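Participant: Turn these sequences into a full structure, and let the hints guide you.
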Amino acid sequence: MMSVQVAEVAHDPDERQGCTHANSLARAVPSRQGTAAQGSFAAPAKHCGLDGREYKSPMTELTVLAVGLVSLLASWLATKALLPALRRGGVLDRPGARSSHIQPTPRGGGVAVMTVVLTVWLGVSQYAEGLGDTVWPILAATAGLSALGFLDDVSDLPIWLRLPAQLCAVGIGVAMLPLPAGTPLGPLATALALGVIWLWFVNLYNFMDGIDGLAGVQTASLGLGVAAVALIAGLGLALACAGAALAGAALGFLYWNWAPARLFLGDVGSVGLGYLVGFLLLQLALAGYWAVAVMLPFYYLADASITLGRRLLGGEAFWRPHRQHYYQRAARSLGAHAPVSRTVLIANLTILAIALVVLMFPGTEWLGLALAAATVGIVLAYFARLEQPVRRG
Numbered sequence: 009m010m011s012v013q014v015a016e017v018a019h020d021p022d023e024r025q026g027c028t029h030a031n032s033l034a035r036a037v038p039s040r041q042g043t044a045a046q047g048s049f050a051a052p053a054k055h056c057g058l059d060g061r062e063y064k065s066p067m068t069e070l071t072v073l074a075v076g077l078v079s080l081l082a083s084w085l086a087t088k089a090l091l092p093a094l095r096r097g098g099v100l101d102r103p104g105a106r107s108s109h110i111q112p113t114p115r116g117g118g119v120a121v122m123t124v125v126l127t128v129w130l131g132v133s134q135y136a137e138g139l140g141d142t143v144w145p146i147l148a149a150t151a152g153l154s155a156l157g158f159l160d161d162v163s164d165l166p167i168w169l170r171l172p173a174q175l176c177a178v179g180i181g182v183a184m185l186p187l188p189a190g191t192p193l194g195p196l197a198t199a200l201a202l203g204v205i206w207l208w209f210v211n212l213y214n215f216m217d218g219i220d221g222l223a224g225v226q227t228a229s230l231g232l233g234v235a236a237v238a239l240i241a242g243l244g245l246a247l248a249c250a251g252a253a254l255a256g257a258a259l260g261f262l263y264w265n266w267a268p269a270r271l272f273l274g275d276v277g278s279v280g281l282g283y284l285v286g287f288l289l290l291q292l293a294l295a296g297y298w299a300v301a302v303m304l305p306f307y308y309l310a311d312a313s314i315t316l317g318r319r320l321l322g323g324e325a326f327w328r329p330h331r332q333h334y335y336q337r338a339a340r341s342l343g344a345h346a347p348v349s350r351t352v353l354i355a356n357l358t359i360l361a362i363a364l365v366v367l368m369f370p371g372t373e374w375l376g377l378a379l380a381a382a383t384v385g386i387v388l389a390y391f392a393r394l395e396q397p398v399r400r401g
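Residue numbers for the sequence shown follow my numbering, so the first one is 9 and each next one is one higher.
Honestly, the hints are just simulated from the structure, not real lab data.
Note that the structure is predicted; figures quoted are calculated from it, not measured.
Beta-carbon label-pair distances, calculated as ranges:
1) Val365 - Leu73: 14 to 24 Å
2) Thr358 - Ile205: 20 to 30 Å
3) Gly317 - Tyr390: 14 to 24 Å
4) Ala151 - Ala378: 35 to 45 Å
5) Pro166 - Ala382: 37 to 47 Å
6) Gly190 - Leu73: 33 to 43 Å
7) Leu320 - Gln134: 43 to 53 Å
8) Leu342 - Leu200: 40 to 50 Å
9) Leu200 - Gln111: 42 to 52 Å
10) Leu73 - Ala344: 28 to 38 Å
11) Leu73 - Leu196: 36 to 46 Å
12) Leu394 - Pro195: 39 to 49 Å
13) Ala382 - Arg96: 41 to 51 Å
14) Thr68 - Leu321: 49 to 59 Å
Using N, Cα and C, we set each Cβ at its ideal position, and we do this for glycine too.
Facilitator: Pasting the structure below:
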């Protein structure tokens, strides 16, 4: 199963015999066994999933790469086929006072993205052990959220209808994440905390889908990060392929969504992707990679959370559309979306590199978090500075 069986594994050492998959960053310690291995990583002796069991499926980079490429091609083709249908159906995002675009643009491209991702995840669950029965409730919850998101794209559903659905989906997801024994907060409080974090992540993913290319860049970066961490840390073929599927599908869609966008992702995609990405990040965190799980989405977390805090302090309705995020203000100041999305991409790749270094050197988690925060801080400061008028004379 893909769910994190931390407590179960800890009490079943026989099942883990010969398997180097442990629930800590120590898995990435450079090998010190012999001079030939100096500076290299101690590769897992056997392939293990997040539940600590040995799997027969070979965990190879080629398999993960193939999943990513298939997802990319399928997403590109599906989006191309979907675009004229959205135009004919009149599913358009029309410019308004709070929009970042200037002409009516089809929205709902997430239908193609989510179809590809869910199909690939389902296929991976049949091929690579490590997903098991856990995948069915997660896929069902994702499909439900995406369907509701499409209805919202078409008819603007009220928050009192969307929020309960998100709560149900998050509740299902948390139920699929067995917690390690002896958590300081206790099992119930820990589950509630994870649920709140996951719910916020789903919504911030939706909030941050506001300019051309940004959601595609972020999803591709996060999917790549999850796949890379899973490969390096030996977390199992299933998790690596799940990340690769997200990255590939996002890149296939990004071709159509890059500025000037020919269509938008829509809530059908942003809400569903937020749910799935949140699920994968929680998998990393509960497997012991909490610092990496926080670092990878740091830009989204910072921009959305700071903006939310300012809106709450100002007494504004935080769920309503606006253009106050740092990336939106930067795009408005520059008069273009592409430079902003490229800047975020550079920041994401920088943070991914930092995260991989953290894997190589256990005990550097807090330093890695500080460097990730500094990277994002520089980006936010740059975006904010773009709004300041240039002094002349």
